[in-house]
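Enquirer: All chains, full assembly: derive it from the sequences and hints.
What follows is the residue order along each chain.
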Amino acid sequence: MSTQTELSARGITWLRALTAQDGVLQGTPATVRVAEAALGDEPASFIAVVPDPHNRFPRARNGEVGLEEGWALARQVRKIIAAGKDGARRPIIALVDVSSQAYGRREELLGVHLACAAAADAYASARLAGHPVIALLVGKAMSGAFLAHGYQANRLLALDSPEVMVHAMGKQAAARVTRRSVADLEKLGERIAPMAYDIRAYAKLGLLHQLIEGVDADAPGTADVQRVREALLAAIADTRSGARDLSSRLASPEAHATRAASIEVRRRLAEQWDAA
Amino acid sequence: MSAVAAVREHRQFLGRTSFIEMGARERARAILDAGSFRELLGPFDRLKSPWLPLQGIVAQSDDGVVLARGTLDGRPALVAAIESIYQGGSMGEVSGAKIAGALELALRDCEQGKPVLPVLLLETGGVRLQEANLGLAVIAEIHAAIVALRRHVPVIGVISGMVGCFGGMSLAAALCSRLIVTRQARLGMNGPEVIEQEAGIAELDASDRALVWSLIGGEQRYAVGLVDELLEDDAVAIAASVRTAFAQGLPRQERSAQVDLYLERLAAIDPQRPLDGPGLRALWHGAARS
Amino acid sequence: MERIELDYPARHAVPRRVHVGVVGSGDLEVLLEPSPDQRAHVLVNTSVDGFGVVWKSVLDRFFERFGGAASIEINDFGATPGTVMLRLEQAAEAVRA
Numbered sequence: 438m439s440t441q442t443e444l445s446a447r448g449i450t451w452l453r454a455l456t457a458q459d460g461v462l463q464g465t466p467a468t469v470r471v472a473e474a475a476l477g478d479e480p481a482s483f484i485a486v487v488p489d490p491h492n493r494f495p496r497a498r499n500g501e502v503g504l505e506e507g508w509a510l511a512r513q514v515r516k517i518i519a520a521g522k523d524g525a526r527r528p529i530i531a532l533v534d535v536s537s538q539a540y541g542r543r544e545e546l547l548g549v550h551l552a553c554a555a556a557a558d559a560y561a562s563a564r565l566a567g568h569p570v571i572a573l574l575v576g577k578a579m580s581g582a583f584l585a586h587g588y589q590a591n592r593l594l595a596l597d598s599p600e601v602m603v604h605a606m607g608k609q610a611a612a613r614v615t616r617r618s619v620a621d622l623e624k625l626g627e628r629i630a631p632m633a634y635d636i637r638a639y640a641k642l643g644l645l646h647q648l649i650e651g652v653d654a655d656a657p658g659t660a661d662v663q664r665v666r667e668a669l670l671a672a673i674a675d676t677r678s679g680a681r682d683l684s685s686r687l688a689s690p691e692a693h694a695t696r697a698a699s700i701e702v703r704r705r706l707a708e709q710w711d712a713a
Numbered sequence: 003m004s005a006v007a008a009v010r011e012h013r014q015f016l017g018r019t020s021f022i023e024m025g026a027r028e029r030a031r032a033i034l035d036a037g038s039f040r041e042l043l044g045p046f047d048r049l050k051s052p053w054l055p056l057q058g059i060v061a062q063s064d065d066g067v068v069l070a071r072g073t074l075d076g077r078p079a080l081v082a083a084i085e086s087i088y089q090g091g092s093m094g095e096v097s098g099a100k101i102a103g104a105l106e107l108a109l110r111d112c113e114q115g116k117p118v119l120p121v122l123l124l125e126t127g128g129v130r131l132q133e134a135n136l137g138l139a140v141i142a143e144i145h146a147a148i149v150a151l152r153r154h155v156p157v158i159g160v161i162s163g164m165v166g167c168f169g170g171m172s173l174a175a176a177l178c179s180r181l182i183v184t185r186q187a188r189l190g191m192n193g194p195e196v197i198e199q200e201a202g203i204a205e206l207d208a209s210d211r212a213l214v215w216s217l218i219g220g221e222q223r224y225a226v227g228l229v230d231e232l233l234e235d236d237a238v239a240i241a242a243s244v245r246t247a248f249a250q251g252l253p254r255q256e257r258s259a260q261v262d263l264y265l266e267r268l269a270a271i272d273p274q275r276p277l278d279g280p281g282l283r284a285l286w287h288g289a290a291r292s
Numbered sequence: 002m003e004r005i006e007l008d009y010p011a012r013h014a015v016p017r018r019v020h021v022g023v024v025g026s027g028d029l030e031v032l033l034e035p036s037p038d039q040r041a042h043v044l045v046n047t048s049v050d051g052f053g054v055v056w057k058s059v060l061d062r063f064f065e066r067f068g069g070a071a072s073i074e075i076n077d078f079g080a081t082p083g084t085v086m087l088r089l090e091q092a093a094e095a096v097r098a
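Protein sequence lines correspond, in order, to chains W, A and F.
For the first sequence, the residue numbers in our numbering are 438 to 713.
For the second sequence, the residue numbers in our numbering are 3 to 292.
For the third sequence, the residue numbers in our numbering are 2 to 98.
Simulated from the structure, these hints should not be mistaken for laboratory data.
Careful, some of the hints might be misleading.
If you want the ones that stay clear, here's a sample from chain A, every Cβ over 12 angstroms from chain W, calculated [claimed, not checked]: (1) R18; (2) E28; (3) R185; (4) R245; (5) L252.
Under 7 angstroms between C-beta atoms, here's a sample of chain F residues computed to sit facing chain A [stated by the list, open to error]: (6) H20; (7) V24; (8) N76.
For every residue, glycine included, the Cβ atom is placed at its ideal position computed from N, Cα and C.
Expert: Listed below in structure tokens is the structure:
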């Protein structure tokens with residue numbers, strides 16, 4: 438059974454810290470927040486998915502990406518793409534603190550897989566259109582919710598904080614599904630990098646552009662916010678000088694060590710692609 | 003049904019070659035033009051999972067994905083077929099990279115004016131939990147490749163059963179330009195067992211097969227417009243349907259981009275009121291598909 | 002997980018490589034290809050520990066008849082000796098075909 442968890446404020450905390458706004462939009466679920474603010478000398482859009490204990494879909498009250506969240510993200514990102522059609526492609530910053538996709542019978546029936554795909558599609562389309570899309574991991578980046586909100590970004594940044602974690606399945610659920618204890622799962626994570634939950638272990642996979650150290654993730658001060666802004670600006674600049682695909686995730690020294698198989702598969706596939 | 007019709011139907015049934023009973027390699031072969039199948043990164047390339055043996059699990063020599071180049075009605079094609087019997091068709095680093103990498107090469111060819119028709123045979127529970135974060139990462143790369151490739155050629159997905167298509171790969175299915183399913187197929191984000199475990203048996207009894215299929219089964223998905231074709235378990239019919247799907251060209255609007263339609267539909271849903279498969283069919287009947 | 006390696010004398014070369022089976026519950030895959038020398042080499046990766054004697058007896062029996070100079074890799078997911086023999090025969094059949 439699901440347990441009552443304390444609702445995370447990381448998403449809204451960082452939206453306020455970076456934009457001085459709450460990002461509530463008329464006609465958009467209160468779980469999806471969008472705010473425009475200056476970043477360096479250009480406007481950027483910041484998007485967060487936040488908990489709402491009164492969400493009309495009960496399975497998406499704890500910061501999950503559910504049906505309306507997925508589609509609302511898609512709408513907001515597509516609006517930004519449409520606005521940038523004839524002018525500057527503004528940066529899009531996804532603030533990521535999502536506990537999971539919404540688990541529910543109604544969600545499945547109504548196609549939560551498509552809702553999440555719609556969000557992923559929109560972010561990927563923005564990236565392909567030339568918007569620098571940066572995901573800033575400030576809390577949980579779990580499974581399908583992360584696929585919908587953040588994982589299509591050009592660059593992934595994360596705060597170095599114990600509550601920042603990435604995984605394919607929540608710890609309790611993964612323990613139940615694999616019939617292991619949580620302690621065993623944690624031990625396995627120490628030995629096998631992709632099994633770990635914490636962000637420092639994730640950084641070893643080479644997927645992160647930067648792990649931002651020494652920032653108070655719960656109550657950021659002026660210096661913390663400044664530091665994160667600088668990291669975002671550097672990531673945006675890096676994006677604009679690079680490819681619009683996700684190839685940078687295979688380029689780091691960590692990726693060459695830990696994702697060697699991913700690189701080897703692509704190398705040999707390219708050799709075999711055209712018939713001899 | 004008349005006796006004659008019954009006999010005819012039985013003969014058709016006997017004459018049919020089951021797609022579901024085939025392995026991934028046979029399925030890929032059955033889709034492509036006869037004699038055109040050429041496997042990439044096959045078993046003898048021995049690109050296995052580096053992570054499973056570390057956890058005491060025997061790895062398969064192709065990591066459960068068969069990649070084949072060949073032709074469809076003479077046009078260059080790529081089929082990626084997932085072997086559902088090996089590790090539940092789960093996506094690990096290698097199996098996922100095979101699919102992502104092949105789609106990336108198809109994209110490169112498309113960009114150079116050499117279209118490649120991509121077909122995904124999706125039988126998968128999603129991320130392989132033993133490779134957790136690398137499975138999730140590569141699924142994001144598969145999504146990225148589908149969205150990029152879809153701007154050049156339709157990407158066609160087939161879910162035939164019996165495993166179905168779940169987890170992050172259900173998003174990959176939803177990103178396909180057109181989806182072909184059988185009655186035995188299921189398409190959903192969270193597997194029934196996971197929902198029962200996470201939300202309780204009152205939310206969903208995973209052992210109630212009729213209920214599960216009424217929510218996420220192929221026939222239901224077709225009836226509400228979440229997939230495009232519903233076929234019998236017949237390899238010849240499925241191969242023909244893939245060709246038809248390519249002949250139709252790019253959809254006017256991809257399903258995952260139909261934002262207004264689906265937000266409107268969701269706005270009309272009252273989450274306080276019960277809703278079942280037939281109820282949704284009544285609401286979304288004749289689902290608009292451009 | 003256990004790894005077993007066995008060698009056998011061979012009477013003739015094998016003309017091609019063959020792959021059969023899948024690493025699924027109660028099943029196994031066999032990769033058979035021409036060996037670099039005049040002998041046969043078998044490598045078994047099995048999910049079930051402690052059955053070395055059974056493997057040897059199944060493989061002894063297979064090679065009495067087969068006699069091909071093959072390198073064989075077996076990836077086993079708990080197949081019974083009967084299934085192992087069936088898959089080996091299937092591979093041998095495909096080599097001769």
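Enquirer: What are the numbers of the hints that this structure violates, sorted from low to high?
Expert: none
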